[in-house]
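Chains as they are written, first to last, in the working numbering: chain R, 1 to 316; chain Z, 1 to 327; chain V, 1 to 358; chain Y, 1 to 504.
Simulated from the structure, these hints should not be mistaken for lab results. Heads up, a few of these hints could be off.
Stated by the list, open to error - Think about it this way: if two alpha-carbon atoms lie no more than 20 Å apart in a straight line, the pair counts; the simulated PhoX-like pairs of lysine-lysine are:
#, chain 1, residue 1, chain 2, residue 2
1, R, K264, Y, K370
2, Y, K489, Z, K185
3, Y, K32, Y, K165
To be verified - To list a few chain R residues with every Cβ distance to chain Z over 12 Å, as calculated:
#, residue
4, S9
5, S70
6, P150
7, I161
8, T166
9, L254
The structure displayed is predicted, hence computed values, not measured ones. Glycine included, every Cβ here is placed at the ideal spot set by N, Cα and C.
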Amino acid sequence: MDFAKIRKSNSFSVSIIIVFMVVVMCFFKRNYLSADNISALLKVLAVTTLVGVSQMISIASGGMNVSIGSVGAMAAILSGLLMQNLKVPVLLSILIGIGIGVLCGIINGLLIYRNGGVGVASFLTTLATNSVFIGIIYMITTGHGVSKIPDAFVAIGSSKIGPVPTSVLIVGVLITLVYFMFTYTSLGRQILAFGANPKAAELYGISRFKTILSVNIIASILAAIAGMLVVMRVGTAQPDIGSDWMLQSFAAPLIGGTRQAGGKVVVFGVILGALVLTIIENALVHLGVDVYWTELINGVVIIVIMAFDRLRSIKN
Amino acid sequence: MKRIKQLLQADLSSVIIPIITIFGLLAITSEGFLSSYNMFSIFQSVPIFVIVGLAQMIVLSLGQMNLAVGSIGVLSSVVFGIAMQNLGMPTSVSILLACIAGVLQGLIQGVMVTKSGINPFIISLALLSLYKGLALVITKGQPFSELNAGFSAFGNLKIVGLFPATIFIAALVSGIMYVLIRYRKLGKRLLACGANGVAAIYSGVNYDKTVIIGHAISGGLCAIAAILQVSRFGSVQLSIGDDWMLTSFVVPVLGGTLLSGGKVNVIGTFLGGFLMVLINNAIVLWGVSSYATNAAVGLILLLAYEVDRMRKKMMNNQAKSAVEKEA
Amino acid sequence: VALAAGMMAGCKGGTDSSSSSSQTQDKTAYDQSVWKDVVEFGAVDGKTDKDYAFAGVFGAINSYSDPMQGAADIAAEELGIKATEFDAPKDWVQNDQNTILDGLIAKGIKGIYMMTSDPVAGNEQISKMTSSGVPIVCVGGSPSTPSKATLTLATDVYQAAYDGTINLIKAMGETGGVVGLCGAVTDTNTQSRMEAIQKACAEYPNVELIQIIGDIDESEASVTAIENILAAKGDQISGFISTCYYPSVALAKILSDERYSNVHAIGCDTDEAVLDGIKSGALDGTMSQNPWGQAYLATVTLKMLTDGWTYKADQDFLVDSGSFYITKDNADKVEQTQMEATMEMAKTWTDRFDAPAK
Amino acid sequence: MSKKEEYILELENITKIFPGVKALDDVSFKIKKGEVHALVGENGAGKSTLINIISGVFGPTQGSIKVNGKEEKITNPSKAFELGIGVVHQERNLIDTFDIAENICFMDISTGKNKMKDKKAMNQKAERAMERVGLDLKPWQGIEELTSGKKQMLEIARAMCMDSKVLLLDEPTASISLTEADMLLKTVKQLKEEGVSIIYISHKLEEIFEIADSITVIRDGKNIGETLSASSLNKDKLIELMVGRKFVTETYNNRDLSKEPVILEAKDISSKKNPIPKSFQLKKGEILGWYGLVGAGRTEYAREIIGIDPITNGSLLIKGSEVSIKSYEEAFQRYKLCYISENRKEEGLFLQHNITDNVGIIALDQICTKGGFISYRKQNEITESYKESLSIKAKDIFVETASLSGGNQQKICIAKGLCVNPEIMIIDEPTVGIDVNTKGEIHKLIYELSVQGISVIVISSDMGELVGIADRIIVFRDNEIKGELENSKDYESMSTKVMGSILL
Ligand SMILES: Nc1ncnc2c1ncn2[C@@H]1O[C@H](COP(=O)(O)OP(=O)(O)OP(=O)(O)O)[C@@H](O)[C@H]1O
Ligand SMILES: Nc1ncnc2c1ncn2[C@@H]1O[C@H](COP(=O)(O)OP(=O)(O)OP(=O)(O)O)[C@@H](O)[C@H]1O
Ligand SMILES: [Mg+2]
Ligand SMILES: [Mg+2]
């Protein structure tokens with residue numbers, strides 16, 4: 001591999017920061033790299049990464065999706081209700097959950113297409129559908145969580161294959177698929193082309209309709225899976241799932257080097273971005289930071305990281 | 001018929017028509033709607049929506065986003081609280097200091113966006129945490145409730161028994177913003193930077209300066225909104241602004257602001273704020289479960305796009321048929 | 001299909017409760033109630049049914065308020081007035097609650113029992129409503145004082161958190177490390193809960209307060225925080241005290257793991273998931289308040305106030321509606337416990353008021 | 001073979017109505033197999049609209065299209081490609097984040113032909129296509145850094161590798177150099193040999209006569225008469241058909257500027273990007289031509305002078321005193337130095353804004369009242385006057401600039417530069433994509449400016465243009481100034497001299 005190229009990349013500088021953060025934490029807290037903590041980190045990382053990847057796909061196509069959280073919640077709540085009330089088998093419920101993702105994706109996609117297609121339209125439309133989805137969730141649940149989730153379902157979240165939590169594995173497989181999609185398939189390249197220059201892409205035969213629809217379906221499927229992963233982790237399906245995904249879904253890919261204007265993705269960079277966010281959250285608890293300081297430190301760390309990345313790229 | 005058609009085509013129709021429709025429906029179906037209590041309450045909610053919407057609008061006009069509107073509001077109101085309660089400053093000085101704090105925060109955001117080369121979205125995201133965090137660290141979460149009584153009364157002051165005093169502030173701010181955007185050089189420059197930054201530079205506009213000023217104004221507006229909110233609540237609350245982000249986008253967008261930058265509508269934003277409040281009011285008056293509030297707001301937003309699309313389509317068709325007739 | 005079915009269910013839930021019978025003439029309930037001959041039945045002279053349209057508004061959608069509308073409607077039936085309405089904003093946002101409150105009043109609601117979304121900021125809204133002639137009774141948690149509300153029926157948040165922590169410490173055998181889990185740090189109620197936890201821990205020499213984690217009243221954040229703190233300081237932790245909903249649910253799930261059988265925990269509220277946690281042994285207990293009684297008595301109070309009763313000046317603004325420590329033993333009888341305590345209070349309730357001049 | 005089948009593409013009674021304009025009005029013509037069919041007409045005549053209709057960007061309001069004698073509804077671009085219609089649009093349409101190979105083989109991606117991307121095959125295909133148009137670039141290179149000429153050639157390479165039976169070329173040579181244009185024309189001829197039919201749009205009439213077999217003239221959306229064979233026309237007659245009246249080219253006499261003061265002087269200026277030092281002088285009222293091939297470094301040099309790219313060495317003198325310009329804003333406000341970019345979409349226009357706002361933003365000082373308030377009346381007056389003098393074809397001054405034809409957009413950029421009353425003006429490729437008639441108008445305007453005492457630098461790759469108006473010509477090659485010539489106003493001798501200095 002070309003080391004000079006790697007050194008210049010955004011991923012490299014983010015990695016340095018991550019290593020630095022971990023080293024500092026190990027210095028302060030002997031048990032920082034304990035198995036317990038690593039597994040705690042990984043479980044959160046899995047969800048954050050998936051949410052980030054979902055958003056990354058929208059960003060890649062030149063759009064934004066602020067309804068990721070509500071789609072995740074929708075899949076989680078509905079599959080949970082099916083399992084609790086109708087005793088639907090676990091596997092079928094998962095499939096239905098994914099189906100709900102597809103459905104939400106189609107709704108989003110159709111409306112985004114109708115409203116014009118790129119950046120602005122997608123932000124506005126998903127802002128609206130997000131409200132609608134949340135409204136539906138709260139109407140269905142009247143604000144109550146679904147607490148009797150079958151053990152078999154929850155077990156997927158707590159089980160491990162070898163030393164690796166299953167959820168991490170699932171996310172690993174999904175992100176690899178997304179990587180292949182963007183690198184080797186026409187669909188992936190079409191999404192990127194459309195994101196970089198929608199007009200040119202359309203003039204040369206890429207269908208706006210198909211692209212927007214597939215982007216939203218894929219993104220929503222990932223969001224739905226993320227929602228169900230949360231249920232596996234938390235043990236109950238609460239209507240507030242996904243309520244704080246919006247910002248992290250943007251932060252993870254953008255820190256990871258995805259181009260905000262669309263057209264360029266760094267798929268595995270999302271993991272790094274998500275890792276940064278996860279470590280900050282985790283470290284604040286480890287260091288026992290006073291509750292009033294957490295927000296401030298959060299903000300400062302993100303700025304420092306981005307500034308560092310920026311400094312390095314200027315030097316290069 | 002022709003009149004109606006003309007009205008449908010006007011730029012503001014996508015916000016005025018829903019307002020008239022909802023207003024009319026409410027007036028017919030709900031007897032309490034036109035009561036002075038309800039009217040006063042509606043007008044009392046409008047100012048915050050409008051000013052927060054304007055704060056976002058001005059950044060949208062630059063083609064950027066200000067995710068930190070709420071946090072700027074909190075930190076400014078904390079400055080206000082400290083000035084008034086801890087330092088015993090007179091009301092006017094406290095307000096001034098809060099506004100300065102708001103402008104300063106916007107300024108910092110603007111400078112970082114233009115000079116640091118860091119992704120603007122991330123900057124705004126980080127500042128959202130940072131400002132809020134600063135407010136929390138300074139206050140340890142404690143509210144300021146020993147405010148000047150006259151100031152607190154102002155937020156709930158009735159004029160002619162119907163209008164809250166704050167709505168006039170909102171109208172004034174909107175007026176100033178209207179003139180600024182439409183009749184001052186700065187406004188033109190802001191829109192130019194939003195529409196095409198490079199072309200703006202080649203038109204002799206100082207891009208960085210304009211963007212910084214835009215953010216600073218946005219920060220100042222957040223501070224004004226926060227002060228109005230404080231005067232309505234009668235206390236400085238650390239949760240002020242927690243719910244501003246969504247509002248700040250919905251209001252100008254309902255009012256016809258283009259999110260991609262380069263086109264804004266101040267009057268539309270004002271009316272957009274009014275429409276939002278009306279929708280919220282309708283949901284309660286019609287006894288729709290508040291669980292459905294979100295769904296309703298979303299549907300209305302979708303409907304607004306639909307109305308806008310219809311309007312544009314109609315205009316295009318008319319322009320086309322005009323051409324055909326000519327021939 | 002599932003979606004549509006769910007929506008139907010949701011809508012039905014909404015309409016069912018609001019259109020329940022308002023038979024003003026059936027006095028049987030009245031005759032059997034404690035209010036018989038004390039508080040008048042139905043509209044008093046000069047007033048109509050409309051003057052007795054009451055509503056409850058909670059601070060946010062929360063399982064705490066589940067029993068409220070039912071309790072209020074029982075009171076309404078007993079007193080021969082219209083069935084009540086109930087509403088709450090989705091989140092703890094005072095502005096949203098104000099919109100609901102103002103809308104209800106515009107609609108013709110003449111009395112409201114409520115919990116403010118924000119204890120300080122809500123006060124101004126209470127003043128506005130009372131000055132337009134709508135009596136307000138606060139429930140669930142007290143607004144900051146002085147307030148224009150007539151009274152507050154609640155458990156002192158400080159006291160509840162304090163008691164909860166003491167219960168936890170006792171369960172721990174008065175020794176070990178405690179972790180506190182709290183909601184939004186901008187809420188003044190959260191701040192007093194944090195103080196209470198600190199104070200309780202300080203009273204026991206062998207008990208150490210390891211950390212208070214705030215701002216985690218969300219399903220994911222609370223799980224993350226608990227997992228993180230267990231990973232970081234698992235060996236020092238002997239107990240958790242949770243003062244809000246989601247962390248309580250999270251504790252119920254996480255601590256059901258064998259590894260944490262030595263870790264004690266006290267939750268709050270009586271959501272199904274929390275009660276399940278108690279039954280399964282993950283939680284030692286939960287601090288239950290009395291939402292049933294709060295709504296019931298508040299509705300009675302609103303009726304009395306409308307009839308012309310006045311709250312005695314020498315009575316406390318904050319009336320303790322009781323709090324109960326729910327453990328395995330009484331986990332099945334939560335509502336019953338609440339109702340019993342309420343009825344006990346009801347016997348002397350009118351003593352707190354001056355009767356209307358005849 | 002029946003006579004009908006001879007035509008590969010037939011347009012019948014095509015009408016296109018946009019909101020506010022009838023862009024095409026009952027246009028019909030036919031194209032034979034293996035012919036080069038030129039479309040000519042003034043800016044805004046409707047040529048690009050026609051291309052868009054044939055290539056499926058939008059449908060016609062009325063009329064039908066036959067391909068190979070069969071009526072086809074071309075509803076989207078992919079449909080057009082399926083029918084063997086390839087296209088190079090007037091505006092650049094490359095994907096900045098893709099490398100050269102992917103851009104050239106874009107159709108494979110957009111049609112999803114090869115499901116898994118075969119990078120090697122793609123690179124080879126791209127290399128072959130580039131060879132054909134004479135591009136010497138690596139297929140894995142990014143495209144962001146390329147000059148506009150190179151990008152144009154890439155687009156042509158892309159169109160070539162589509163294996164189309166009909167190729168639509170909308171002003172392909174507008175922004176490329178003579179050598180590249182020669183290469184292109186050669187390729188076009190070769191394609192014709194291979195039996196490909198080509199629709200060729202250009203405002204460069206020499207090219208038309210060089211390659212076209214037949215010519216259709218479009219004026220105000222209508223075709224003027226039948227399609228004519230190229231051999232039956234000459235340049236003057238063609239212009240007359242286009243414009244609707246006789247066209248006279250003005251000549252501008254040489255002036256004596258020896259007594260005029262030097263207003264702008266660059267001494268050995270260089271920058272980080274462009275380290276070779278360069279010097280020149282500009283006199284008051286002088287028109288200085290900067291000639292060079294695409295990528296010769298003229299635009300970059302101009303950017304250094306106007307303060308956009310920082311100068312690292314050398315000094316800049318305005319009216320004899322040394323200045324250091326930190327930003328274009330400073331150059332513009334303080335030294336009345338104005339630059340009009342060659343890149344109208346990215347650097348010139350606010351496409352979502354209407355014409356008058358586009359002009360207004362640069363003329364803020366002129367349109368403000370004493371109190372600093374903007375007067376829309378003044379803004380509109382100024383805009384109207386330029387709409388008049390530059391004959392900008394638009395319904396009114398309140399239409400979005402995005403909906404204007406390419407040439408008319410260019411005219412607005414020119415208007416923007418003219419309306420600020422600068423002292424020094426640098427115009428980068430002022431007449432790219434401008435029709436002959438208006439080209440003359442613009443030359444006249446530039447000349448009038450210089451008569452008023454404004455010094456103008458005209459950057460142009462069009463030798464004829466510079467010979468026509470410049471007082472002096474500086475020749476650039478490979479980021480260096482290779483020579484400086486007084487203009488003798490004689491095209492033949494000047495071009496030999498210029499070529500000489502380039503080759504040196
Ligand atoms: N999308 C559109 N909406 C409205 N009007 C349009 C649109 N596209 C083109 N027009 C109008 O149609 C007319 C023809 O434009 P077209 O681009 O075809 O001209 P052209 O002959 O290619 O000119 P040029 O030589 O300048 O490129 C112009 O008046 C233009 O303003
Ligand atoms: N193929 C290329 N790849 C990368 N950089 C190039 C290439 N060709 C030119 N350049 C860069 O562009 C510079 C010249 O571009 P510039 O736009 O200033 O030239 P120009 O004479 O104005 O040509 P144009 O007519 O394209 O505007 C060169 O000095 C070189 O650095
Ligand atoms: Mg054209
Ligand atoms: Mg150039």
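Going down the list of hints, with the structure as the test:
1. R:K264 <-> Y:K370: With Cα atoms ~49 Å apart, R:K264 and Y:K370 exceed 20 Å; violated.
2. Y:K489 <-> Z:K185: violated, 44 Å
3. Y:K32 <-> Y:K165: holds, 11 Å
4. S9: holds, 16 Å
5. S70: violated, 9 Å
6. P150: holds, 27 Å
7. I161: Answer for R:I161: holds, closest chain Z Cβ roughly 35 Å.
8. T166: Fine: 31 Å to the nearest Cβ keeps R:T166 off the interface.
9. L254: Contrary to the label, R:L254 does not stay out of reach of chain Z, its closest Cβ about 5 Å off (not over 12 Å).
Hints 1, 2, 5, 9, counting from the list given before, are not met by this structure.
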